[in-house]
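Student: The lines below spell out each chain.
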Amino acid sequence: MTDQAGARSASPASLPAVVCRGVTKSFDTGDAEAWALRGVDFEARRGEMMLLAGPSGCGKTTLLSVIAGILDRTAGEVSVLGHDVHAMSPSRKTAFRRENIGFVFQQYNLVPSLTAAENAAVPLLLRGMRRHEAVDRAKETLASVGLGELTGRLPTQLSGGQQQRVAIARALVGRPGLLVCDEPTAALDGTTGAQVMETLRASAVGADRCVIVVTHDPRVFRFGDRMSEMLDGRITGVRVPGATEVHHA
Amino acid sequence: MIYVAWKMLTGDRAKYLSLVVGLAFAVLLMTQQGSIFTGIMTRTFAMVTDISAARVWVMDPGVQYPDDLKPLKDVDLPRVRDVPGVDWAVPLFKSNGRAKTADGSFQSVFVFGLDSGTLLGGPSDFVEGKLTDLWQPDAVIVDEAGAERLGGVKVGDVLELNDRRARVVGICRATRTFVSFPVVYTTYSRAVRYVPGDRRVMTFVLTSPKPGVTDEELADRIRAATGLGAATQGQFTEKTLRHYARNTGIVINFGTTVVLGFIVGLAIAMQTLHSFVVDNLRHFGTLKAMGAGNGLLAKMVVFQAVVVGLLGYGIGVGFTALFSHAAKRSPQIAVRFTPELMGLSFCAMTVLVALASLLSLRKVWKTEPAIVFRGS
Numbered sequence: 000m001t002d003q004a005g006a007r008s009a010s011p012a013s014l015p016a017v018v019c020r021g022v023t024k025s026f027d028t029g030d031a032e033a034w035a036l037r038g039v040d041f042e043a044r045r046g047e048m049m050l051l052a053g054p055s056g057c058g059k060t061t062l063l064s065v066i067a068g069i070l071d072r073t074a075g076e077v078s079v080l081g082h083d084v085h086a087m088s089p090s091r092k093t094a095f096r097r098e099n100i101g102f103v104f105q106q107y108n109l110v111p112s113l114t115a116a117e118n119a120a121v122p123l124l125l126r127g128m129r130r131h132e133a134v135d136r137a138k139e140t141l142a143s144v145g146l147g148e149l150t151g152r153l154p155t156q157l158s159g160g161q162q163q164r165v166a167i168a169r170a171l172v173g174r175p176g177l178l179v180c181d182e183p184t185a186a187l188d189g190t191t192g193a194q195v196m197e198t199l200r201a202s203a204v205g206a207d208r209c210v211i212v213v214t215h216d217p218r219v220f221r222f223g224d225r226m227s228e229m230l231d232g233r234i235t236g237v238r239v240p241g242a243t244e245v246h247h248a
Numbered sequence: 000m001i002y003v004a005w006k007m008l009t010g011d012r013a014k015y016l017s018l019v020v021g022l023a024f025a026v027l028l029m030t031q032q033g034s035i036f037t038g039i040m041t042r043t044f045a046m047v048t049d050i051s052a053a054r055v056w057v058m059d060p061g062v063q064y065p066d067d068l069k070p071l072k073d074v075d076l077p078r079v080r081d082v083p084g085v086d087w088a089v090p091l092f093k094s095n096g097r098a099k100t101a102d103g104s105f106q107s108v109f110v111f112g113l114d115s116g117t118l119l120g121g122p123s124d125f126v127e128g129k130l131t132d133l134w135q136p137d138a139v140i141v142d143e144a145g146a147e148r149l150g151g152v153k154v155g156d157v158l159e160l161n162d163r164r165a166r167v168v169g170i171c172r173a174t175r176t177f178v179s180f181p182v183v184y185t186t187y188s189r190a191v192r193y194v195p196g197d198r199r200v201m202t203f204v205l206t207s208p209k210p211g212v213t214d215e216e217l218a219d220r221i222r223a224a225t226g227l228g229a230a231t232q233g234q235f236t237e238k239t240l241r242h243y244a245r246n247t248g249i250v251i252n253f254g255t256t257v258v259l260g261f262i263v264g265l266a267i268a269m270q271t272l273h274s275f276v277v278d279n280l281r282h283f284g285t286l287k288a289m290g291a292g293n294g295l296l297a298k299m300v301v302f303q304a305v306v307v308g309l310l311g312y313g314i315g316v317g318f319t320a321l322f323s324h325a326a327k328r329s330p331q332i333a334v335r336f337t338p339e340l341m342g343l344s345f346c347a348m349t350v351l352v353a354l355a356s357l358l359s360l361r362k363v364w365k366t367e368p369a370i371v372f373r374g375s
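Chains X and S are the protein sequences, given in the same order. Here numbering that gives the first Met the number 0 is used: the first residue of the first sequence is 0, the next is one more, and so on. Here numbering that gives the first Met the number 0 is used: the first residue of the second sequence is 0, the next is one more, and so on.
To be clear, the hints were calculated from the coordinates, so they are not data collected in a lab. Careful, some of the hints might be misleading.
Unchecked claim - Now the in silico label distances, taken between C-beta atoms and shown as ranges:
{"no.": "1", "chain 1": "S", "residue 1": "297", "chain 2": "X", "residue 2": "71", "range": "19 to 25 Å"}
{"no.": "2", "chain 1": "S", "residue 1": "349", "chain 2": "X", "residue 2": "33", "range": "29 to 35 Å"}
{"no.": "3", "chain 1": "S", "residue 1": "297", "chain 2": "X", "residue 2": "139", "range": "27 to 33 Å"}
Stated by the list, open to error - Cβ-to-Cβ under 8 Å is the rule here; a few derived chain S residues that face chain X:
{"no.": "4", "residue": "2"}
{"no.": "5", "residue": "3"}
{"no.": "6", "residue": "6"}
{"no.": "7", "residue": "7"}
{"no.": "8", "residue": "10"}
{"no.": "9", "residue": "210"}
{"no.": "10", "residue": "226"}
{"no.": "11", "residue": "277"}
{"no.": "12", "residue": "281"}
{"no.": "13", "residue": "282"}
{"no.": "14", "residue": "289"}
{"no.": "15", "residue": "290"}
{"no.": "16", "residue": "292"}
{"no.": "17", "residue": "366"}
{"no.": "18", "residue": "372"}
To be verified - For lysine-lysine, the following DSSO-like pairs were computed, each having C-alpha atoms within a straight-line distance of at most 27 Å:
{"no.": "19", "chain 1": "X", "residue 1": "92", "chain 2": "S", "residue 2": "365"}
{"no.": "20", "chain 1": "S", "residue 1": "362", "chain 2": "S", "residue 2": "6"}
{"no.": "21", "chain 1": "S", "residue 1": "327", "chain 2": "S", "residue 2": "129"}
{"no.": "22", "chain 1": "X", "residue 1": "92", "chain 2": "S", "residue 2": "362"}
{"no.": "23", "chain 1": "S", "residue 1": "298", "chain 2": "S", "residue 2": "365"}
{"no.": "24", "chain 1": "X", "residue 1": "92", "chain 2": "S", "residue 2": "298"}
{"no.": "25", "chain 1": "S", "residue 1": "14", "chain 2": "S", "residue 2": "298"}
{"no.": "26", "chain 1": "S", "residue 1": "99", "chain 2": "S", "residue 2": "129"}
{"no.": "27", "chain 1": "S", "residue 1": "153", "chain 2": "S", "residue 2": "69"}
In this text the structure is predicted, and so the values were computed from the model without any measurement. The C-beta atom is built at its ideal place from N, Cα and C for all residues, glycine as well.
Please work from the sequences and hints to get the whole structure.
Tutor: Right, dumping it as structure tokens:
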């Protein structure tokens, strides 16, 4: 856990990567509006892994989607890497995601007919990089997450943990400033989940990168530098995992 | 990303094959029905195109199609020959006759009487014998399909044609007539004897323009100078098609089948492409989340649709061509698969793929990238 420790030493005064102020999100359910976010204030800094924890349905994934710019907020301010994402035009927002945000999904979302290296190369292909160049760089990234020997395998030839590491490589290959991870261990057993989180910490957390992980799995809390707890669409507190002191939002 | 689109498309072999097969079936349906329709319509003007040497046809002004037999006066031949620009003009006799087959049954036939000196208007493609064999006594030439209908007559066999002796000296290949009667060629003077009746016996005058005069110009001049009907090959063909279109239900009936083929094809194409896209919606959503714009996703979907469209088109057209080739051996099946039909079906396929792509694209464009954060 050397890297983990290293990352934990990131200065609290580090620049904020994500800042949310009074963010609300409602969904029209026909008869009434359902409020998924009810005035969220949230901050995550460069160089840290911030966990977003809470029970199912509390709004974690909605907040992550709003931060990633793939879901519009109803009200409030959202700054990502110094940019007001929601003030951007749709095409600019798309380009911003392409250049600055890496995604790790609960179900990996790998294209079954692409090899591990080709899957990991997709963000570079989206940026217009030539295929061979992109795949070569993806292979290097796969090696950094311990899959150097499996770059030619299809997702179906990999275990769940290995698939999630391919997904992590895919999220990292474009060297984004923000990594958003939605329940990355939910589909994995405890041991594999811990290995994936270790990989994530070791390879993703760096001085210039902020990693936000949505989870409701207490076993992964120890990998975070800080943890924001959510309940019923609000942040109820922020704490350092393992510490007892809670800073109420 | 086109590579990714290609891999997404071909990754699931079963789905990929069902897409291609579905589209191939749609194209096959359209082109096969279309080629049968074209084949049948071709038979309506087969005589005009088979007698290719006759660049202008002169006929009674009331004639609407080649089987519309309205005789001309004998003096019309020299009148046509006197029209400036006529290089040559020969008479053509066409009438219905009755042949007695070897088993004693009777079969209606078309009797063509060719100018005895030049034999212009006679067939050029022979299975056996040659055109000049018509100069032999009682000689007739029978078309290949007709020979079968006449009980499999061969060169050397003798037929009874309206109770007169006719000796088969040749078997030729000719496009089947619309009513599928056997075609019997003989000389003009002999044909008149075979089918006695009206004082006026000449059915058409076949002509060709002198160098420097176009077919259209000559037809115009003949109409103006003689008051007869005159048409170039193309004009006579068009006139014939118009007649059949107006006076028979063939265009509507076959048109309905072809349109139905298009609609069924469209439904198949839309359904298969749409379900392919729906199956891959999560991946498109993932790409969208990772920064793929709608334009790029459109390129991917259109590329996939074009690939399966082209493959389906190739296979469908290939099968129609095979069917068309095989059908040539059977005179019963009227099939004509033309480059124009290939072009039309390609256009139909393009429209079909475009509509199917649009429907699928709507689905992709409307997909919220946020769906990728849902666990299931």
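Student: Each hint: holds or not?
Tutor: Evaluation of the provided hints:
1. The hinted range of 19 to 25 Å is satisfied by residue 297(S) and residue 71(X), whose Cβ atoms lie roughly 22 Å apart.
2. Distance hint for residue 349(S) and residue 33(X): a CB-CB separation of about 45 Å, inconsistent with the stated range 29 to 35 Å.
3. Take residue 297(S) and residue 139(X): their Cβ atoms lie about 32 Å apart, and the range 27 to 33 Å holds.
4. Against a cut-off of 8 Å between C-beta atoms, the interface hint on residue 2(S) holds, since the closest Cβ of chain X lies about 6 Å away.
5. Taken as an interface hint, residue 3(S) checks out: its beta carbon lies about 6 Å from the nearest beta carbon of chain X, inside 8 Å.
6. Proximity of residue 6(S) to chain X holds as hinted, the smallest CB-CB distance being about 4 Å (cut-off 8 Å).
7. The interface hint given for residue 7(S) holds, since its Cβ lies 6 Å from the closest Cβ of chain X, which is under the 8 Å cut-off.
8. With a cut of 8 Å, the hint placing residue 10(S) at the interface with chain X holds, because the nearest CB-to-CB distance is about 2 Å.
9. Proximity of residue 210(S) to chain X is violated relative to the hint, the smallest CB-CB distance being about 62 Å (cut-off 8 Å).
10. This hint is violated: residue 226(S) has a C-beta 72 Å from the nearest C-beta of chain X, more than the 8 Å allowed.
11. Look at residue 277(S): its Cβ only gets to about 16 Å from chain X, farther than 8 Å, so that hint breaks.
12. Checking residue 281(S) against chain X by beta carbon gives a least distance of about 6 Å; that is within 8 Å, so the hint holds.
13. The restraint placing residue 282(S) at the interface with chain X holds, with a minimum CB-CB distance near 5 Å, inside the 8 Å limit.
14. Among the interface hints, the one on residue 289(S) holds; its C-beta lies about 6 Å from the nearest C-beta in chain X, closer than the 8 Å criterion.
15. With 8 Å as the threshold, the beta carbon of residue 290(S) comes within range of chain X, its nearest partner Cβ sitting at about 2 Å, so the hint holds.
16. Checking residue 292(S) against chain X: minimum C-beta separation of about 5 Å stays under 8 Å; hint holds.
17. Evaluation of the residue 366(S) hint against chain X yields a violated restraint, the C-beta minimum of about 11 Å exceeding 8 Å.
18. Taken as an interface hint, residue 372(S) checks out: its beta carbon lies about 5 Å from the nearest beta carbon of chain X, inside 8 Å.
19. With a CA separation close to 16 Å, the supplied pair residue 92(X) and residue 365(S) stays within the 27 Å bound.
20. Taking the CA atoms of residue 362(S) and residue 6(S), the gap is about 20 Å. The hint holds against a cut of 27 Å.
21. Among the hinted pairs, residue 327(S) with residue 129(S) is consistent with the structure: their alpha-carbon atoms are about 22 Å apart, no more than 27 Å.
22. Simply put, residue 92(X) and residue 362(S) have alpha-carbon atoms about 20 Å apart, close enough for the 27 Å limit, and the pair holds.
23. Our distance criterion of 27 Å between C-alpha atoms is met by residue 298(S) and residue 365(S), whose separation comes to about 16 Å.
24. For the hint pairing residue 92(X) with residue 298(S), the CA-to-CA distance comes to about 20 Å; that is within 27 Å, so the pair holds.
25. Pair hint residue 14(S) plus residue 298(S) holds up; C-alpha atoms about 20 Å apart against a cutoff of 27 Å.
26. For the hint linking residue 99(S) to residue 129(S), the alpha-carbon distance of about 24 Å falls within 27 Å, and the restraint holds.
27. Restraint check: the Cα-Cα separation between residue 153(S) and residue 69(S) comes to about 32 Å, which exceeds 27 Å; the hinted pair is violated.
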